[in-house]
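> Sequence:
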Amino acid sequence: MTRFRQALVDCGLMDMGFVGSRFTWANRFTKVRLDRACQNFQWRELYPFSRVITLPLSRSDHCPLLIEVNPERPPARRSSRRFRFEEMWLNHSECSQVIKTGWLLPSTGESMTQVGRKIKQTGSLLLSWNEGVFQQRQVEMRLIQRKLDTVMAVDHQNSHFDEIKALQFRLNELLSINETYWRQRSKVQWLREGDRNTSFFHRRASNRRSRNRIKGLLTENGQWTSEPGEVTNILLQYYEASFRSEQSDPIAMNLILDCIQPRVTESMNGELMAPYSDDEIKRALFQMHPSKSPGPDGMSPCFFQKFWDVVEFDVCQAVREVLNQGDKACIGFTPYCSM
1 MTRFRQALVD CGLMDMGFVG SRFTWANRFT KVRLDRACQN FQWRELYPFS
51 RVITLPLSRS DHCPLLIEVN PERPPARRSS RRFRFEEMWL NHSECSQVIK
101 TGWLLPSTGE SMTQVGRKIK QTGSLLLSWN EGVFQQRQVE MRLIQRKLDT
151 VMAVDHQNSH FDEIKALQFR LNELLSINET YWRQRSKVQW LREGDRNTSF
201 FHRRASNRRS RNRIKGLLTE NGQWTSEPGE VTNILLQYYE ASFRSEQSDP
251 IAMNLILDCI QPRVTESMNG ELMAPYSDDE IKRALFQMHP SKSPGPDGMS
301 PCFFQKFWDV VEFDVCQAVR EVLNQGDKAC IGFTPYCSM
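Numbering (UniProt numbering), first residue to last: 1 to 339.
If a hint is listed, it holds; no wrong ones were tucked in.
Quick list of the computed label-pair ranges, beta carbon to beta carbon:
no., residue 1, residue 2, range
1, Lys31, Leu255, 38 to 48 angstroms
2, Thr108, Gln325, 14 to 24 angstroms
3, Ala153, Gln287, 44 to 54 angstroms
4, Gln287, Cys259, 29 to 39 angstroms
5, Phe41, Leu143, 26 to 36 angstroms
These are computed hints drawn from the structure, not numbers from a lab.
Keep in mind that this is a model prediction, so the values were computed, not measured.
A virtual CB, placed ideally from N, CA and C, is assigned to each residue, including glycine.
Please take these sequences and the hints and turn them into a complete structure.
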């Protein structure tokens, strides 16, 4: 089995997953998923929506597997692309000024509301700036490569040495930007800056996108649906039910607590109840990996860490109000700290 798995790795084959029953083989007492369909990267790029359907058992004790190459998909509703802070922007000299301009625009309201508005207006400026600076990088790379090929083909006496060097320098800049773009999406965090392997990052990002794509869900009636509107409603209903606040019974709660021996001393409780400081907020933020997935606002830890001198006052004030007062519901980063 080890050699077979290694053969799959050597051939670049990956499990295609499945739709339908989890098991493909059964007898009276045992059910197992023995049969699988595999694909390589080229297949996934050519048929991104292909899927494997486990059909019902018939005469054999193995379920047949049906591979749909281009399944009929209901037209997806076009939605605005979610904002995401791009780490490739950090390599440009204008990035810092764009962020300062957006963040320092006047804003009103409570501290957390102000931070939300500052993030939104900064993101809007970054997107506009990105369209003019980075949007056409693939086209520019092809043009530079074509020009390099032309110049080097006729330059037999190094008469175009300076021009070639300038073109190569710009091409390397664009390649580095492209590498950062795909590494951020691949979530590969064990390679160091400068380990250039854009095709590897692109493959990892494509695999993540395919693996994370929700192809369909089961309704309350146990029926499978892949219609985007129904999938959205199922997700909304699930999380609304999961996070709905239930009215607690303080009398019953106190009866239970009276039977529990306290383990927290008065001094320990004093430390736990002490107000949060700016140093604690900064320490928690900087313990996060810069490339961890962002929250709903699209700003990853990298943004706050790189531009802490710009955002520190507003962020600390907003976080202190939420943590110390504790009367608002907020979605935020959860730092993973080593104990």
